[in-house]
Amino acid sequence: MTSSDNNILSRWPTDRLLLWLLRGTAAIAGSIVLLIVLFLVLDALPALQHIGIARFFTDPSWHPAEHFYNLTPMLWGTLFATIGAVLVATPLGILSAVFCQYYAPPALGRLYRKLIELLAGIPSVVYGFWGLVVLVPLIGAIHPPGPSLLAGIVILTIMILPTIALMADASLASIPPQYLRGAAALGLPRWATIRGVVFPAAKSGLFTGVILGTGRAIGETMAILMVCGNVVQAPQSLFDPVRTLTANIALEMAYALGNHRAALFVSGLFLMGMIAALVGAADRISREKIYA
Amino acid sequence: MLNTLEPHPGGWERLATTFVWSAAALVTATFCWLLGDIIWHGLSHISWAFLTTPPRNAGREGGIGPILVSTLLILGVCLGVAVPLGVGTAVLLAEFTTDTSLFGRLTRRSLDVLSGVPSIVFGLFGNAFFCKTLGLGFSILSGGLTLACMVLPILIRSTEEGFRTVPTGYRLSAAALGLSRTTTLLYLLLPAAVPGLLVGLVLGVGRAIAETAALIFTSGYVDRMPQSLLDSGRALSVHIFDLSMNVSGGDSHAYASALVLIFALLAINGATSWLTKHWLSRRIVTV
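First to last, the sequence lines map onto chains R and S. In this text, residue positions in the first sequence follow this note's numbering: the first is 89, and each later residue adds one. In this text, residue positions in the second sequence follow this note's numbering: the first is 191, and each later residue adds one.
Bear in mind the hints are in silico, worked out from the structure with no lab data behind them. Hints may be right or wrong, so weigh each one.
[Said to hold, decoys possible] In the SDA-like style, the derived pairs of lysine to any residue whose C-alpha atoms are separated by at most 25 Å in a straight line are:
| id | chain 1 | residue 1 | chain 2 | residue 2 |
| --- | --- | --- | --- | --- |
| 1 | R | K202 | S | N459 |
| 2 | S | K467 | R | S262 |
| 3 | R | K202 | S | T243 |
| 4 | R | K202 | S | W464 |
| 5 | S | K467 | R | A208 |
| 6 | R | K202 | S | K467 |
| 7 | S | K322 | R | L203 |
| 8 | S | K322 | R | V125 |
| 9 | R | K202 | R | A258 |
| 10 | R | K291 | S | T208 |
| 11 | R | K202 | S | T218 |
| 12 | R | K202 | S | T220 |
| 13 | S | K322 | S | S305 |
| 14 | R | K202 | S | A457 |
| 15 | S | K322 | S | L393 |
This one's a predicted model, so the numbers in the text were calculated from it and none came from an experiment.
Just chain R, with the same shape it has in the complex (with noise of 0.2 Å):
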């Protein structure tokens, strides 16, 4: 092929200029995740060398004025609503790829899948401004205050869920069709072959999709910072307002200063540190395409 690495036979002096162009712009791409590390860890330090990972933990409460530093809240906030959306959404994404592989006459289930993708492009800041204006004087009517955690996890679910559907409907439309014929011919009604063949054999397409939607709930920050009511505490009840830790950054970011600055910053290495490995559980999963 062509595309070999130092092609020593091109006589052309622009080929070799360009080729480093093209290295350039390559290595400025392929660094700029370094680069947020970097200045992540540059801005963390102070707090780091100050305070110390431990006080992050052990710390009486979040109050960053009289020096206190607990995340532990935060984490909680930000684990909680995240588990429940992945919950929720996991099977309303799976069904809804069911639905439009195997269950929807051939044009609504292309309109559905229109719609979906439609879905996952809305801003989060529209979701939740509708969450805010909606859900939230729903929720409060039923049990007050209204903003909380539920609110949180209803909006994340609604916008995890096209990430869940559309990988799960691409995987399920790649699985080998011979698999279906031989489910058919074995007479195998549909929820069957669906439970029985579909599932096994689209295993690693669905799991990506479910981890790459936890990554979504877990950076998600707009949306949840205007539904959650933003208190500092280990939510008790699904109506308890939280604080996920980056509503906590998008909040507190506009006056930090010195230490207070730097523990937010460790928050963001927190995040950084969900979904990298996040990233990589993915890159596993997908590379280990097992078929049942």
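Let chain R serve as the given structure and place chain S on it in line with the hints.
Same frame as chain R, but now just chain S:
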């Protein structure tokens, strides 16, 4: 292809069918509720005056003229930086490296991670690097550059896809004719890969225009008409956020702004599907 006849559907089959259809109905209903609500409340406020006049009284009255200008400027900076970088990287990954080379693998991996970085982290980074370290302050330039980092992975992935769909025969013929690889790239591969690039561009614009969290601490809140790229400018999404959270009584204009944003995204979305359908299908260049 599936056995849909189900001569004797058992209990599980019927239950599963009910579940699948209700899941789809639930998602559709939520979507209609959301979109209907925003169109219903927003449409009456949208007028030419709303789109062109500056906001008054913290956005409760007036329009979104300067905000649209700031949004476009931020997008312009973002694309101006991201497109050359993205196309260059995509060309290198698709044409000048093998899949196994270390540099290619590292670049790809780092772009994978980049595409998963939460937007608020981009905001932190943009604030620390562009605003503080480079001294650009809260400005349209900082915001655009931050967004450029963010859309880069999307842009690169679909441009690379575009290059990979160009038949190998093109490259072999060009090499056989003794064309330099620069010539091959500029006159043969690039025109053939333009559709992929355009799709990436449209997806990138979609992501950039929807972004809020990365912009709050980079391009800022100022809602005046920007005089230069070093001025702070408020993006449309930040405007919606500010109106709904910090301005009491700003809901009606937040609705209208949200509708404008959704319209813009729908247009972009439509453009993507039109491009994929009408342009990607005829890839052969007729040079």
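Results of checking the hints against the structure:
no.	hint	result
1	R:K202 to S:N459	10 Å, holds
2	S:K467 to R:S262	20 Å, holds
3	R:K202 to S:T243	35 Å, violated
4	R:K202 to S:W464	13 Å, holds
5	S:K467 to R:A208	20 Å, holds
6	R:K202 to S:K467	14 Å, holds
7	S:K322 to R:L203	41 Å, violated
8	S:K322 to R:V125	16 Å, holds
9	R:K202 to R:A258	13 Å, holds
10	R:K291 to S:T208	23 Å, holds
11	R:K202 to S:T218	11 Å, holds
12	R:K202 to S:T220	15 Å, holds
13	S:K322 to S:S305	24 Å, holds
14	R:K202 to S:A457	14 Å, holds
15	S:K322 to S:L393	29 Å, violated
When held up to the earlier numbered hints, the structure conflicts with 3, 7 and 15 and fits the remainder.
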